[in-house]
Amino acid sequence: MTSGNTFETHPGGDGSGGIGARLGDALHRAVSETVSRSGAVAAAVYLLDADRTRLAVSMIAGSPPSIFSLLPGADLNSPYEPARALASDTAVGDLGTRRDAGHAQPQLSYPYFAIATPVATGHRRFGALMALRPDTHGPYSAADRAALEKTGRELAAALTALADRGESVVAPCTPTIIRARPASVRTAGWGLPGVPGSDGTSMMYPLRRLADLLNQATTMQEVMAAARSCVMTPLRARAIVLAVAQDGRFWVVGHSGNSSELARGLHGSTANASSLAADALQAGPQFRPAELPGPGDRSGTGSPLAQDLAEAHLPLIGNRHVLDLPLLRGSDVLGVCCLFFDGPRGFPAEERALMTMMAGLLGAAVQRVELSAQQQQVAEHLQRQLLPAVLPLSPRLTATARYRPAETTSRVGGDWYDVIRAPGDRVVLVVGDVEGHSLNSTALMGQARTALASYAAEGHPPAVVIDRTGGLLAKLGADLLVTCCVVSLNTSDGTAEVALAGHPQPLVRQPDGRLSALHAPANLPLGVAADQAFQSREHTLGPGSVLMLYSDGLHDYAPADPVLWAQTLFDSASPETGEDLEQLADHVVAEVIGTTAAAASRQRRDDAVLLLARFEPAVGKEAPRTAALHVQRRDLQGVRTARAFVTEQLRAWDLATLADTLQLLVSELVTNALVHAGSDVDVRLRAFADHVRLEVRDSESDPPMPSPLALAEEDNAEAEHGRGLLIVEALAGGWNTFPNGRGKTVSLEMTVPDHPLAGVPVPQE
1 MTSGNTFETH PGGDGSGGIG ARLGDALHRA VSETVSRSGA VAAAVYLLDA DRTRLAVSMI
61 AGSPPSIFSL LPGADLNSPY EPARALASDT AVGDLGTRRD AGHAQPQLSY PYFAIATPVA
121 TGHRRFGALM ALRPDTHGPY SAADRAALEK TGRELAAALT ALADRGESVV APCTPTIIRA
181 RPASVRTAGW GLPGVPGSDG TSMMYPLRRL ADLLNQATTM QEVMAAARSC VMTPLRARAI
241 VLAVAQDGRF WVVGHSGNSS ELARGLHGST ANASSLAADA LQAGPQFRPA ELPGPGDRSG
301 TGSPLAQDLA EAHLPLIGNR HVLDLPLLRG SDVLGVCCLF FDGPRGFPAE ERALMTMMAG
361 LLGAAVQRVE LSAQQQQVAE HLQRQLLPAV LPLSPRLTAT ARYRPAETTS RVGGDWYDVI
421 RAPGDRVVLV VGDVEGHSLN STALMGQART ALASYAAEGH PPAVVIDRTG GLLAKLGADL
481 LVTCCVVSLN TSDGTAEVAL AGHPQPLVRQ PDGRLSALHA PANLPLGVAA DQAFQSREHT
541 LGPGSVLMLY SDGLHDYAPA DPVLWAQTLF DSASPETGED LEQLADHVVA EVIGTTAAAA
601 SRQRRDDAVL LLARFEPAVG KEAPRTAALH VQRRDLQGVR TARAFVTEQL RAWDLATLAD
661 TLQLLVSELV TNALVHAGSD VDVRLRAFAD HVRLEVRDSE SDPPMPSPLA LAEEDNAEAE
721 HGRGLLIVEA LAGGWNTFPN GRGKTVSLEM TVPDHPLAGV PVPQE
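Just so you know, UniProt numbering puts 653 at position 653 of the sequence shown, and the rest follows in order with no gaps.
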């Protein structure tokens, strides 16, 4: 290595990507002189690459964080200052009050004034020389411009001499960084006073740590934990709020510190309002020191508390790297990062640059986490769409199902359930499971469910159904295993035929409360080549028997004996549960995957499906009365149709005394479903010996809640869909809400007057 400013010889002259000694000396002199003469915190030389189609940064003088605000390169037609300087053959940038008319350049998001001059001679173009200094120092003067142009010409002459000697003057693969920092630039509160560059280097530690933690973050909770330790703590912030902008409004996705009131003020506010947060979204970082508010001061959130705090509002950048912020476009901004500080508090330029870089990292993490959540929602929506929207009605079979996704996987699996009407008086119950947790599993589940349902609806016995389904999946090239349990129940005599394909055996609770398994040959899973035909076995069920089909995700928590396990679950149900299948299903799911010690010690690794079906006894010589009505979404006459359906059906059953009350109740429930769920609505009416059951099903999964009257008009408007449930609660003998395959069901019961059922059900289209 030579002495002075001479660089160690690198193989750059032979085109291997480094920088040659004489080229390094020339660039070093230029950037060092630029820093010393102009008071810049960073200076850089951009050279043309080997193809002469792009500028790349070749040498940088300065210190963190300013050196990391420089772009690594730019196309020749880019609005970035070095590219514009080379294209126009003149100095460009922040020159006094003139902003280079005719060049629609984006505003720098970092707190620096930039200037660039071409490095070129009459017949050779090499690149450009650029300088940055804090915006607190003001724009560059004419003398600053002249000094930079002089340095640029001297560098161009030196590079011309090198080129004439046959040396390569092209941008290296990676820039060389020289430590240089004006003594006048120091950020209080960072580093050790008297040690040059200590403040800037200290700023890089939390930034680097933040990048590491955010790279590992998969949830907003983990993003906010990283923000607390790497943003709030080193910056001594009182609160942080992250919000995304959608449909012209801010929606808070995370907040920490003393931030509750600040988050409430920002959440749902318009992104076009006169506020610092809105300005940051449109024009870049906004800062308000902690001073007494003047007549024109504006709070970033509209919160009275915010008037007493220093504020920093920074754009969250989604699809661009943090180092690309100088070329920020409006479409790149997905939200804002709002920081609040106790005063007195100012914002030095280098600290503002650090906050901007931190916000850039947070923006990329928020976008990744939000995108992952959206993709997960799409996948779950796809899976739920492949499940039955509603289970079909049968006069002597009542069925309900529960589905819970896995927690430790992608949560997209292949478990499913189905209830299929077969020819005659037969009803086919199905629970199946496709191996794996991926969209492939979900897609194969859709194929398997469709095939099984089609063959069952044609009237084939269970063994033939799974045999033909396995053959079809093989022809389709399915590469995943599928297990399933198929039970065909003849509701006229209680004959149940069971066929398995590597799936757990179904269980049955007898009318006297005893549990037993419906044994059948295990057979092989679908997708495994089988030499023998699938086998089934018949059983006979008595009226009042309850069938239990389930997937192995539910069985994972069972002891070795599934019969003993199920017996314990059924026996532990409270007396209030009675014969209500919905409450019984809720109880089983809660006990198995919600409150048991096994569930508490580990998360679910597999989907869980439960299907319960009760073989109803006949009422006298007649079957229970059942009727159904389907109301399409946005049907303006849907509520009127539902009222007429209930009235006509009850009159046909000689239960007209219940018509007025049930008319009112069905009006409330159907209105709620149409307005707030925004989906098709299914209305079901079933008359038993002593009560009538009304069910209204939609495709919104959030359970409804009765909402008391609120003083605020806005609260009343938001709670209106829960207000109708107060009427339901007051008039119905009992009501409940529970999930179904795609959404939820609200059910209620009314006591039947003390006389026998009569009449004939009204045919439904």
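If you're looking for bench data, these hints aren't it; they were derived computationally from the structure.
These numbers come from a predicted model, not from an experiment.
Fair warning: there could be bad hints in the mix.
As the list claims (entries may be wrong) - Each pair of labels, with its calculated beta carbon distance range:
#, residue 1, residue 2, range
1, D75, R124, 32 to 42 Å
2, Q221, R124, 17 to 27 Å
3, K475, R52, 30 to 40 Å
4, T53, R208, 25 to 35 Å
5, P543, Q221, 42 to 52 Å
6, H123, W251, 35 to 45 Å
7, A283, L76, 26 to 36 Å
For glycine and all other residues, C-beta sits at the position ideal for the given N, C-alpha and C.
_Given a hint of 30 to 40 Å, does the C-beta separation of K475 and R52 actually sit inside it?_
violated (58 Å)
*Regarding A283 and L76, is the given constraint of 26 to 36 Å on their beta-carbon distance met?*
holds (27 Å)
*Holds or violated: 25 to 35 Å for the Cβ distance of T53 and R208?*
Given a distance of about 33 Å, which is inside 25 to 35 Å, the answer is holds.
*Go ahead and decide if the range 35 to 45 Å is satisfied by the Cβ distance of H123 to W251.*
Violated - the Cβ-Cβ distance for H123 and W251, about 57 Å, lies outside 35 to 45 Å.
*asked:* The hint says 32 to 42 Å between D75 and R124; measuring C-beta to C-beta, is that right?
replied: 20 Å Cβ-Cβ, so the 32 to 42 Å window is violated.
_Verify the CB-CB distance for P543 and Q221 against the hinted window 42 to 52 Å._
holds (51 Å)
*Falls inside 17 to 27 Å, the C-beta gap from Q221 to R124?*
With Cβ atoms ~57 Å apart, the hint is violated.
Checked against the numbered hints above, the structure violates hints 1, 2, 3 and 6; every other hint is satisfied.
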